[in-house]
Amino acid sequence: MIKSRSAKVGDGFVAFICVLVILVCLLPLLNILARSLSSPEALIRNQVALWPVGLNFDAYKTVLSDSKYTWALAWTAILTVTCTIVSMFMTTICAYPLTYEHLKGRKFFNGMIIFTMYFSAGAIPNYLLNKALGLLDNPLVLVLPSCLSVFNMIIMRSFLYGIPESLRESAEIDGAGPIRTLVSIYLPLSKPVIATLSLFYAVGRWNGYSDALMYMVNARKYYPIQLLLYNILNSISSIEVATQEGFSAPGLSETLKSATVMFATIPILLIYPWLQKYFIVGATLGAVKE
Amino acid sequence: MKKKRVLSFLLAGLMTATMLSGCSSNNTDSKSTGTESTDSAATVTEPAASTTEPDENAEIIDGRFVETRKITVEVYDRSNDGGSKPEDNFFTDYIKEGMLRDHNVEVTYQIVPRWTETEVLNNLLAAGDAPDICVTYSYPTVQAYANMGGVTDLAPIIEEYWDYIPNLVNLLTEENIYYDLDPNTGTLWAVEARLFNRTPVVLFVREDWLNKLGLSEPKTMEEFEAMLYAFKDNAELLLGADADKMVPFSITTDVGFRMMDISESYIPNDITDKDYYIYSYDDRKLMFPSTKEAMRKLNEWYNAGLTWNDFAVHTDSGTVEGDTLIKAGYVGSLIQNSDQPYRNGDDGWTQSMMRMAGDDAAYITVAAFENEAGLYRKYMSSPVDRKVFFPASNSEPLASLLYLDWISKQENLTFLQTGEEGANHEVLPDGAIQSIAVTGEKIMNSQYNIDYTITCNGLHLENEELTLKSLALGYSGIDASYIERSFDVSEYSIRNIPHAVVGEIEAEQGMDTVLKEKRDNLLAQAVVASPDKFDSVWDAGMRDYLNSGGQAIIDERTAAWEAAYGDKVMLD
Amino acid sequence: MAKTQVIRGTERNRKMINQQKRLKTINYLKRYWTLYLLLCLPIIYFIVFRYIPMVYIQIAFKKYSIVQNVWEMEWAANFGFEHFIKAFTNRDFLYAVRNTIMLNLLDLILGFPAPVILAILLNELPFKKFKKFTQTVAYMPHFLSWVIISGMAVQLFAPTSGLVNNLLTQNGMNAIPFLNDSVHWVFTYVFLGIWQSVGWNTIIYLAAITSISPELYEAASVDGAGRLRKIWHITLVGLRPTIVTLLIMNMGHILGGGFDRPYAMGNKLVSDVSNVIPIFVYNYGIRGMQFSLSTAVGLFQSVVGLIFLMGSNAIAKRLGERGVW
Numbered sequence: 001m002i003k004s005r006s007a008k009v010g011d012g013f014v015a016f017i018c019v020l021v022i023l024v025c026l027l028p029l030l031n032i033l034a035r036s037l038s039s040p041e042a043l044i045r046n047q048v049a050l051w052p053v054g055l056n057f058d059a060y061k062t063v064l065s066d067s068k069y070t071w072a073l074a075w076t077a078i079l080t081v082t083c084t085i086v087s088m089f090m091t092t093i094c095a096y097p098l099t100y101e102h103l104k105g106r107k108f109f110n111g112m113i114i115f116t117m118y119f120s121a122g123a124i125p126n127y128l129l130n131k132a133l134g135l136l137d138n139p140l141v142l143v144l145p146s147c148l149s150v151f152n153m154i155i156m157r158s159f160l161y162g163i164p165e166s167l168r169e170s171a172e173i174d175g176a177g178p179i180r181t182l183v184s185i186y187l188p189l190s191k192p193v194i195a196t197l198s199l200f201y202a203v204g205r206w207n208g209y210s211d212a213l214m215y216m217v218n219a220r221k222y223y224p225i226q227l228l229l230y231n232i233l234n235s236i237s238s239i240e241v242a243t244q245e246g247f248s249a250p251g252l253s254e255t256l257k258s259a260t261v262m263f264a265t266i267p268i269l270l271i272y273p274w275l276q277k278y279f280i281v282g283a284t285l286g287a288v289k290e
Numbered sequence: 001m002k003k004k005r006v007l008s009f010l011l012a013g014l015m016t017a018t019m020l021s022g023c024s025s026n027n028t029d030s031k032s033t034g035t036e037s038t039d040s041a042a043t044v045t046e047p048a049a050s051t052t053e054p055d056e057n058a059e060i061i062d063g064r065f066v067e068t069r070k071i072t073v074e075v076y077d078r079s080n081d082g083g084s085k086p087e088d089n090f091f092t093d094y095i096k097e098g099m100l101r102d103h104n105v106e107v108t109y110q111i112v113p114r115w116t117e118t119e120v121l122n123n124l125l126a127a128g129d130a131p132d133i134c135v136t137y138s139y140p141t142v143q144a145y146a147n148m149g150g151v152t153d154l155a156p157i158i159e160e161y162w163d164y165i166p167n168l169v170n171l172l173t174e175e176n177i178y179y180d181l182d183p184n185t186g187t188l189w190a191v192e193a194r195l196f197n198r199t200p201v202v203l204f205v206r207e208d209w210l211n212k213l214g215l216s217e218p219k220t221m222e223e224f225e226a227m228l229y230a231f232k233d234n235a236e237l238l239l240g241a242d243a244d245k246m247v248p249f250s251i252t253t254d255v256g257f258r259m260m261d262i263s264e265s266y267i268p269n270d271i272t273d274k275d276y277y278i279y280s281y282d283d284r285k286l287m288f289p290s291t292k293e294a295m296r297k298l299n300e301w302y303n304a305g306l307t308w309n310d311f312a313v314h315t316d317s318g319t320v321e322g323d324t325l326i327k328a329g330y331v332g333s334l335i336q337n338s339d340q341p342y343r344n345g346d347d348g349w350t351q352s353m354m355r356m357a358g359d360d361a362a363y364i365t366v367a368a369f370e371n372e373a374g375l376y377r378k379y380m381s382s383p384v385d386r387k388v389f390f391p392a393s394n395s396e397p398l399a400s401l402l403y404l405d406w407i408s409k410q411e412n413l414t415f416l417q418t419g420e421e422g423a424n425h426e427v428l429p430d431g432a433i434q435s436i437a438v439t440g441e442k443i444m445n446s447q448y449n450i451d452y453t454i455t456c457n458g459l460h461l462e463n464e465e466l467t468l469k470s471l472a473l474g475y476s477g478i479d480a481s482y483i484e485r486s487f488d489v490s491e492y493s494i495r496n497i498p499h500a501v502v503g504e505i506e507a508e509q510g511m512d513t514v515l516k517e518k519r520d521n522l523l524a525q526a527v528v529a530s531p532d533k534f535d536s537v538w539d540a541g542m543r544d545y546l547n548s549g550g551q552a553i554i555d556e557r558t559a560a561w562e563a564a565y566g567d568k569v570m571l572d
Numbered sequence: 001m002a003k004t005q006v007i008r009g010t011e012r013n014r015k016m017i018n019q020q021k022r023l024k025t026i027n028y029l030k031r032y033w034t035l036y037l038l039l040c041l042p043i044i045y046f047i048v049f050r051y052i053p054m055v056y057i058q059i060a061f062k063k064y065s066i067v068q069n070v071w072e073m074e075w076a077a078n079f080g081f082e083h084f085i086k087a088f089t090n091r092d093f094l095y096a097v098r099n100t101i102m103l104n105l106l107d108l109i110l111g112f113p114a115p116v117i118l119a120i121l122l123n124e125l126p127f128k129k130f131k132k133f134t135q136t137v138a139y140m141p142h143f144l145s146w147v148i149i150s151g152m153a154v155q156l157f158a159p160t161s162g163l164v165n166n167l168l169t170q171n172g173m174n175a176i177p178f179l180n181d182s183v184h185w186v187f188t189y190v191f192l193g194i195w196q197s198v199g200w201n202t203i204i205y206l207a208a209i210t211s212i213s214p215e216l217y218e219a220a221s222v223d224g225a226g227r228l229r230k231i232w233h234i235t236l237v238g239l240r241p242t243i244v245t246l247l248i249m250n251m252g253h254i255l256g257g258g259f260d261r262p263y264a265m266g267n268k269l270v271s272d273v274s275n276v277i278p279i280f281v282y283n284y285g286i287r288g289m290q291f292s293l294s295t296a297v298g299l300f301q302s303v304v305g306l307i308f309l310m311g312s313n314a315i316a317k318r319l320g321e322r323g324v325w
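Keeping their order, the protein sequence lines are chains A, B and C. Be aware that the first sequence starts at 1, since it is given in this note's numbering, and climbs by one per residue. Be aware that the second sequence starts at 1, since it is given in this note's numbering, and climbs by one per residue. Be aware that the third sequence starts at 1, since it is given in this note's numbering, and climbs by one per residue.
There may be inaccurate statements among the hints.
Keeping only pairs whose Cα atoms sit at most 27 Å apart, straight-line, the calculated BS3-like set for lysine-lysine is [said to hold, decoys possible]:
hint: 1; chain 1: A; residue 1: Lys191; chain 2: C; residue 2: Lys30
hint: 2; chain 1: C; residue 1: Lys131; chain 2: A; residue 2: Lys8
hint: 3; chain 1: C; residue 1: Lys230; chain 2: A; residue 2: Lys191
hint: 4; chain 1: C; residue 1: Lys24; chain 2: A; residue 2: Lys107
hint: 5; chain 1: B; residue 1: Lys516; chain 2: C; residue 2: Lys317
hint: 6; chain 1: B; residue 1: Lys70; chain 2: B; residue 2: Lys96
hint: 7; chain 1: C; residue 1: Lys63; chain 2: C; residue 2: Lys86
hint: 8; chain 1: C; residue 1: Lys30; chain 2: A; residue 2: Lys277
hint: 9; chain 1: B; residue 1: Lys442; chain 2: A; residue 2: Lys68
hint: 10; chain 1: A; residue 1: Lys107; chain 2: C; residue 2: Lys131
hint: 11; chain 1: A; residue 1: Lys104; chain 2: C; residue 2: Lys86
hint: 12; chain 1: A; residue 1: Lys221; chain 2: A; residue 2: Lys61
hint: 13; chain 1: A; residue 1: Lys8; chain 2: C; residue 2: Lys129
hint: 14; chain 1: C; residue 1: Lys63; chain 2: A; residue 2: Lys107
hint: 15; chain 1: A; residue 1: Lys8; chain 2: C; residue 2: Lys230
hint: 16; chain 1: B; residue 1: Lys516; chain 2: A; residue 2: Lys221
hint: 17; chain 1: A; residue 1: Lys104; chain 2: C; residue 2: Lys317
hint: 18; chain 1: A; residue 1: Lys8; chain 2: C; residue 2: Lys132
hint: 19; chain 1: A; residue 1: Lys221; chain 2: B; residue 2: Lys568
hint: 20; chain 1: C; residue 1: Lys230; chain 2: A; residue 2: Lys104
If you want the footprint, here are the derived chain B segments under chain C, 3+ residues with CB under 8 Å [unchecked claim]:
hint: 21; segment: 72-86
hint: 22; segment: 141-149
hint: 23; segment: 442-450
hint: 24; segment: 540-553
Hint data in this document are derived by calculation from the structure and do not stem from the laboratory. We put the CB at the ideal spot given by N, CA and C, even for glycine.
Working from the sequences, and respecting the hints, build out all of it.
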């Protein structure tokens, strides 16, 4: 199909915007990458823009040779995969029944669930709860309390609404129970939303550290990588603490800080391109034969 | 009909929820009723002491318990790169062995992350899991916990076991032990660790720049200002291509601290102890009426381009200043702790400056700001440092006191602060202790193991002379003359401000962070304002500060002083 | 005679009706019991992890004590409303509420449409690989913590040493006070928020677009519709449910908002606009150890949020959309 001129101009405009977006989003990351590969002197002189000055792999050598970081990376990966699977399971079994309009008590369940999105008790009560459940310093504390996000559940439910009722009805006529319908009809059609929510959960777990900060104080081997990064970033701002304590900790260099940022960020960045193959157009097509 | 059913579902759900919560809170209940019964700790620990008295009478004279006692102690986890586990390392082994051997007390350490100390301690206290010995830098925190019934009163305990803690008394002195005694209620919620080797705030000036421009050290404010202008006007000569990066006098967002030397010179020389006490809630001298004029000076300098223009927009301005301006050699003068430029050896300011700006780059301490009586006046408060307290859940007060006593014993203190000979330090011919940088098992996670020597901040060896000699060695790569000069200048005209024992000031509760933020905002905004707006910005900010609790503190402090000391305005 | 007959008749009817209803319910449960089975785990999760700790919300009305459990604490003065009164008479709190609403509204007005527009643009891009690359790059800023972003922002936008202002002054123009003037700061704050989140937020819209049947586009082409028309009548219509759902949920967070962004981006010079409610709670509640106060403020935020949620949900329903519940 030959495109009209105005369509080509439109294409060009869109492409231009996309190039702008790429520049604006990529350049800052290139800056961090460059800083992580530069020499400390260059950073002091503020000479680093987009390209390393005084190419220097020391920071990465330190990070990669310290088993603390490599272990945390591996552990966080395992944790993220586990959490994503658990969360997706919980989200699906929560959203699916709520799509049945005639479900008795549906309004109650909806209300009860949404209420929790706005009302929460605070840090200390959650700590006491986790302690009572025996979850402190237990890897499960990074999985269970956050395994179901109401926001994500609502998104899944909205998406499932979009799947035509006629499919469900024909399945029921064929004698399939609700669970069978879920597995054989709804799930295969839900690939885009499952991919999206998996990404949300995975990224949320990978980037999150505030629960580990509070509940995982003693069990060091379960520290997620972002918690290590948080500690590094804090120990660098040592001047204020130094004034209070009367000594300056041997702070980590700027290069090490940038290297750790890269180290903690790159793995998760690589997931999205891999997930993109599930964002296929027309996922729900062909299922309904009008 | 449907509505009714929904309502009953709701009711059932809530009832179940409350029932379940009743169950779970019963679980935490047993612990908190445990702590509850000790909330009037004064009355409870005495009977406890008397029931264990027969056991303690069976202690052998060298202070060992008959049955092993157990205590937990708080220790900071700094998550240092290459650091050891704070709860289990070479030094904790030393302490544990020693405590077991000398007192038959088993010690375990509870780690608390340094950066989230308050939140984690709150959690532990709420759950009844707090360590037996806790440490904090902020007394209002202890007071807040105490008001909620979460802290053991130390007054009766210390009085009873006074004979068991000779080392503690020796190191802290009675002044520090009873520093926080409330004269009205007789309670003592915390003891104050002792601060040795104070490093007051002084002015540093670039020696090499003075030499290059043929200037002598400034001895007055006028000479200092002339020097700043000289730096600015000769930027090209001093910095060459980087002339536009010249910063004659540097500050950070902690403006009050960075102007301390100057603010102190504006305080009237004959200020009474009473007035000093009333205005000293803020540790950056904001409440002193004289500080406004000191800051006006800074406002003039800011508008004349004599200081770091962008200081206010950096959230971590201290680090940025240190790493990008000072180390690069762009800063002509600054006010800081008297040993700040000389710390950290290779990674420190002076060494870095020497690499970037030439071998002769160095900061010298200069006494430039005299007050109206012609004195280079420094106001020093009592040498207090961290507050050590026992949460109400502490069931072993004597064992805990013995721990504090043990780490204050000189021989143990020396080992903790200097480590093992040959591994952590070397002994020089004249007896001075030279630290060695250590990696691996014997590393010290904090300088001089301050995280373990919770009763002591600063090197404290067998005698003063040895301490000073060893301290000087701690600044590797720096010519000793700079250090000596710095210590000399800091000692010029010190006025020791005696501690006012007036009890709790309620108005100070919970205001710490809030007022500090307001202070820093006020100072930053006043400094960057244009000179004609300075007064209005300052006055508006001060009004807000006072209305938000500052005035209440001043009023209550005045009343408390008068209640404790009547008409006296000077303490001896 | 007739009366009793009628009464007995209606009684019998009622019994029959109740029996039928029960039969219906039993049949219903027999058929759909698995749905309730599926809901079991999530409900247990919500009760255990969300509702049980909510018992502590009553701290907002009590005098908090760290060593007592919540049932033992005393009630606060003024029928328990003392903390609320304290908050509302505190000038800092009122400013915090104002700032929170202002910043959230701006985020909504300027930041909500941005990912929709970007998603539509990306959808229009014919070059597949280019599209994939843009998508991947666009969502990278989401992974940077605000501490890092604010560091970079200062490097770019500082009044005298910032890169942008250097360029401006070198070319004879005046420096722009991006970070040191309140009004400018607000816009810098909002635009950095958009930069950080726009790529990430397009993901959901792109996923929604995949459900739009391509046949619709083809049919529209046949009818002679131009590109813009197609976007308006097909893409946006297809996105509408997602947009409405997300908008409703955002409205519920009008008094909320994170702590990280304003804390990292704020500085001493713009404190009158950068202090938002989470920072107020941090300074007074956590650092100042006034736990009851922070719970009271949190309760206030929740109630207002819920009101906004219900309001926008009702409006959406009235406009024919399916609400959030």
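Now the hints, each set against the structure:
1. A:Lys191 to C:Lys30: The hint is violated at about 30 Å.
2. C:Lys131 to A:Lys8: 16 Å, holds
3. C:Lys230 to A:Lys191: 25 Å, holds
4. C:Lys24 to A:Lys107: Given pair Lys24 of chain C, Lys107 of chain A holds - Cα atoms ~19 Å apart, limit 27 Å.
5. B:Lys516 to C:Lys317: 48 Å, violated
6. B:Lys70 to B:Lys96: Holds: Lys70 of chain B and Lys96 of chain B sit about 11 Å apart, inside 27 Å.
7. C:Lys63 to C:Lys86: Holds, at roughly 13 Å.
8. C:Lys30 to A:Lys277: 40 Å, violated
9. B:Lys442 to A:Lys68: Cα-Cα ~18 Å, so holds.
10. A:Lys107 to C:Lys131: 41 Å, violated
11. A:Lys104 to C:Lys86: Distance of about 44 Å is beyond 27 Å: violated.
12. A:Lys221 to A:Lys61: 21 Å, holds
13. A:Lys8 to C:Lys129: Holds - the C-alpha atoms of Lys129 of chain C and Lys8 of chain A are around 18 Å apart, at most 27 Å.
14. C:Lys63 to A:Lys107: Violated - the C-alpha atoms of Lys107 of chain A and Lys63 of chain C are around 36 Å apart, more than 27 Å.
15. A:Lys8 to C:Lys230: Roughly 16 Å separates the two Cα atoms, so the pair holds.
16. B:Lys516 to A:Lys221: Violated. Lys516 of chain B to Lys221 of chain A sits at ~37 Å, over the 27 Å cutoff.
17. A:Lys104 to C:Lys317: This hinted pair holds, its Cα atoms lying about 21 Å apart.
18. A:Lys8 to C:Lys132: 20 Å, holds
19. A:Lys221 to B:Lys568: Distance ~59 Å between Lys221 of chain A and Lys568 of chain B Cα, so the pair is violated.
20. C:Lys230 to A:Lys104: Not satisfied, since the Cα-Cα distance of roughly 40 Å exceeds 27 Å.
21. 72-86: It is violated: at least three residues are needed, and the segment 72-86 of chain B offers just 0 whose Cβ sits closer than 8 Å to chain C.
22. 141-149: Holds: 5 residues of the segment 141-149 of chain B have a Cβ under 8 Å from chain C.
23. 442-450: Coverage by chain C is violated for the segment 442-450 of chain B (0 residues, Cβ < 8 Å).
24. 540-553: Our answer is that it holds, as 3 residues pass the Cβ test (under 8 Å) against chain C, meeting three.
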